[in-house]
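Could you use the hints to bring the two separately framed chains together as a complex?
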Amino acid sequence: MKARGLRAYAIGYLIFLYAPIVLLPIFAFNDSRIIAFPLSGFTTNWFTEMWADRQLWQALRNSLVISGSTAVIATVLGVFGARASTRYSFPGKGGLVGLIMLPLVLPEMIVAMSLLVVLLAISVPLSIFTVILGHVLITTPFAVAILSSAFQSLDKSLEEAAYDLGEGPVSTFRLIILPLVAPGIISSLLICFTISLDEFIIAYFLAGADTVLSSYIYGQFRFPAKVPAMLALGTILVLVSVILLSIAEFFRRRGIAKTGGKDTGGFL
Amino acid sequence: MSSAKPVPPNSTMIEFRDVHKYYGDYHALRGISGTIRAGEFFSLLGPSGCGKTTLLRTIAGFEGIDGGAVLIDGKDMARVAANKRPTNMVFQSYAIFPHMSVGENVGFGLRRDPRSAAEKARAVEDALEMVGLKGYGARAAHALSGGQRQRVALARALILKPKVLLLDEPLSALDKKMREHMQVELIKLQRQVGITFVLVTHDQEEALVMSDRIAVMFEGEIAQLADPETLYRRPNSKKVADFIGTMNFIPAVVIGETGGQIEVEAKGLGRALLDADQCPAGQGDSPMVGLRPETLTLMYPGQTTTERTVDGVIDEVIYFGDMTYYDVYLGGTDVEVRLSMRNTPGRPILEVGSKVDVAWSASALVLFR
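Just so you know, the protein sequences line up as chains A and B, in that order.
Position 65 of the first sequence, counting from 1, maps to 65 under the numbering used here, and the rest follow consecutively.
Position 330 of the second sequence, counting from 1, maps to 330 under the numbering used here, and the rest follow consecutively.
It is worth saying that the hints were derived from the structure and are not from the lab.
This structure is a prediction, so every number in the text was calculated from the model and none was measured.
Just to be clear, a hint being listed does not mean it is correct.
Now the stretches of chain A that chain B is said to cover, found in silico as 3 or more residues with beta-carbon under 8 Å [to be verified]:
{"#": "1", "region": "96-102"}
{"#": "2", "region": "153-159"}
When the alpha-carbon atoms are kept at most 27 Å apart in a straight line, the in silico DSSO-like pairs for lysine-lysine are as follows [to be verified]:
{"#": "3", "chain 1": "A", "residue 1": "Lys-156", "chain 2": "B", "residue 2": "Lys-161"}
{"#": "4", "chain 1": "A", "residue 1": "Lys-156", "chain 2": "B", "residue 2": "Lys-163"}
{"#": "5", "chain 1": "B", "residue 1": "Lys-163", "chain 2": "B", "residue 2": "Lys-134"}
{"#": "6", "chain 1": "B", "residue 1": "Lys-355", "chain 2": "A", "residue 2": "Lys-156"}
C-beta atoms are modelled at their ideal positions from N, C-alpha and C, and glycine is treated no differently.
The following block holds chain B by itself, in its conformation from the complex (with noise of 0.2 Å):
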């Protein structure tokens, strides 16, 4: 199944051009443009309503648009039907058909394809080895679990070697484990075939660990389209950092700025310089630091840090059995920031009330304003 042609890096797969969509007065998606390179695995992330689902469904051609364009490997796609695109759609509900075989929900595609019975028989059975359902082939596909209706809708979308494959939430239905399982293997068929992957998701986790790059939507707008680490560690507003993981949120006041650096004095902790790329452009919003609570350390007696360290009082104690979270005011002021901390031996989880020493460093924050 490695037929997907070498492609030269950081090529172009799917660009959007200005792509409007109106559901009536409804307007879902609101000038979204954009590129997905050859080969990589993209996810569409957002809350739902934002339009995620809606701009995939123009990719695969069940949604036309009303204003912009969609290209595919260059091709403009507005006079081309949703059957004669290079693309392939994995189901949210997985839509196999429930009065066939797994065989025949596999070989489905096939049915145009002008190669013997035996051959499209082999390519059958060797699409359902990929997904590691090899000899399920005469099975009923509608006693299958979810895990494996997954793997047959999956293998039925890969049968045809499409330029891109689209997957619609594809993991929502599957409980927490198999979920995670099935994370690793996606990850792993994409790379072993290479083709461009398109995931829509909501949940931020699924897309930090499976993406090579994000795009985050809200209301029908791209607003921050990057790699996975840019996202979490450099969201470019506040809206991305709520979304994506934790971020305690304080309040501050831009100082002014020094040679490409921006001087911040952020309450509770003091002033502290930024480099630009912790400046996202401005938004019109009082201005904040953001801090994840991972980038802060409690310190314990006797420990000690090159950071800056800044008082607290802890407040609350949330106990994860491999983490502890703690809610922690900072230098007696009233901001309040949460932590989480791994739990090793040796270390006690510290008391409600008891007054800790709060590390922490100027590079892990990003200014919103």
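Here chain A stands alone, though its shape is the one from the complex (with noise of 0.2 Å):
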């Protein structure tokens, strides 16, 4: 009897979890621009209508342009801080490995709000370039937690072993760390750019006059006939996502193996 609850549970909470993003590709493919059942048919004319749609472009590529400077500098930033996080020990580096990984359970709406604050005080026109800053807060943590589990299961004596066969300390990063936690890095750039572009309360509250793809789709639920083509959208967004993450978690994967090291669990 337990176990009958419990699966039912499981069954109920997968459905609640995953049914709204299964209707996503149902009513993109619907005949119809009511959002509703019984489905009139199959379409195909809610992406032709996305694609040709200038705004959403203009928008995509604000939110590309920022998701892939927010992965680039996120990661860059993570590896000064992973590397120095697990192989140096200084005065205060609890606390301060703690202020890094802060904005990771810091609610957004503070960061974007305090962000603000600042930005107009000190008179930064908002533009992409601050939702870029913002987002480069709030992955950074994700990326030193990343390249952190990278650089932990690396064998200290590596580089040691670089350094006594006549390596520098540059060439041995080259050969052989870098090498090495390359799996990470690439995890890392996949998660941050996915976080960026999904953000909505930083881009929204920090792009001004520009628009990005979150902010955007929000605005079109506003017109009814506009709602199918966002779903459409939506769909292949999804698509993107998933294909990033198991990317992502395919590199990490492989990262543990080749080191040797164990797997304590990832973001998948």
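Structure, rendered in structure tokens:
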């Protein structure tokens, strides 16, 4: 009895979690502007309509610039942070690492508001660059977390061996450390990219006159006629997200296998 | 690979001059002095935390020193970084680069070598052949067994023809059989290449088997530096005697000195005259004589000996197959000694409680006082 109850709970939970996402592609291909059952036939019109939306393309371009820059900056910062936190010990290290990781649990609302206040106070014009700033702040902890596990599984004597065999610190980093943490770097890039692309609050607060994908979609929902096209866009985004996260997880696991480490669980 | 130049016997390769090392408040190396000779197999032996690995790493250049000097081949290493020193190291974890093939690992140190690619490839093949891994060059490094990884680490370090090869507990990760096999191989390899080997180990048997000379370390100091036989037969302190092999310690009283010899009265054994080399400098403890178990013999009925004998009662028998350990009370006193006896055909195992004569000789005694 107990097992059956738990099973029903688990199934109910999964339906609650994923049914809305499954509805996305269903209505994206449904030949009606009204989002309701019964379905009224198959169409790809919404995808065509979405494709022709020039404002959407501009928002997408903005979002890609933001996400790409965020991923690269956060990952570079993450490499420094992870390297420092796994290899060196210095006074106040615990507190410092804690402060780096804090945005992970800080409500985005607060980050967005305080950044907005500061930027307005020092009169920095709002644009996609200010969004990048905010996104780097919230994605860097993810980068540090992912890269720390990559750096942690590195045996310190590998570096010493390279040094012992005549290499300097720079060539050791290039020849030994970088190739061994490369899977972690790729995984960090992909996850930061995905987080930034999805993000709404900071993008909405800090983008100013520029529109990014998430706030553009939100805006379009005010016009019922535009909703099916947004569902079509959503369908594509879900697909792209799943692919990106799968690639990230693949590289994370391969990295652990390569260095002979133990899998202590990642994001997926 | 016999590039090592013939070296004059007993010339110094490494010299420690009052080396000190601190980790914060912890005094890890407390004034290490001593020399390692060119071409010898030298071991740093001691329990964990005695500073032996730290000392090895000061030779490699991975640890700086806070006092004194480390000289390699007559040159002070104070301003020489690890990647410029004429030493190479075999790490405890072997530190095989997991993203490279066996050949790439072995050839890693040749990256800055001006020789042609073909010559380097030949050098790699030669190095692999030397460690018994001929033809393994293309294999993935992470797919090797423990013993094979160790050989790759050896080949990778030796391909640079260093003046000194440093080995940080290289055998501790192997199982017993493999370990004994690799001990013999390492000795052969060292004789073949003629390079100075410095081995760190906590295994006294391994050190005795492999080394020309051994430095026994405790708490950041060298307690004794000697060849294996001297260390075993004439340890200079109770601590060294206790760490290397098994030693019976028997309370004793110094009676007096006559003509360079020292007369002692050992409990349960009686009086004995000891030569000066049997009496290392005093430690201030209450005097004890030390006696290795295998220098004692149990006398079977009808057996005779020219050695002195003393009455004993067998208190405990532990059977090992090739050996039997007996705990024996000597002379009816409370002195217990542990003997190890080879089991030979026709000699039954003696029973607990039986009385036996124990033969001993004064020349096997060491006095600690």
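Inset, instruction - Give me the numbers of the hints this structure contradicts, sorted from smallest to largest. - result: 1 and 6
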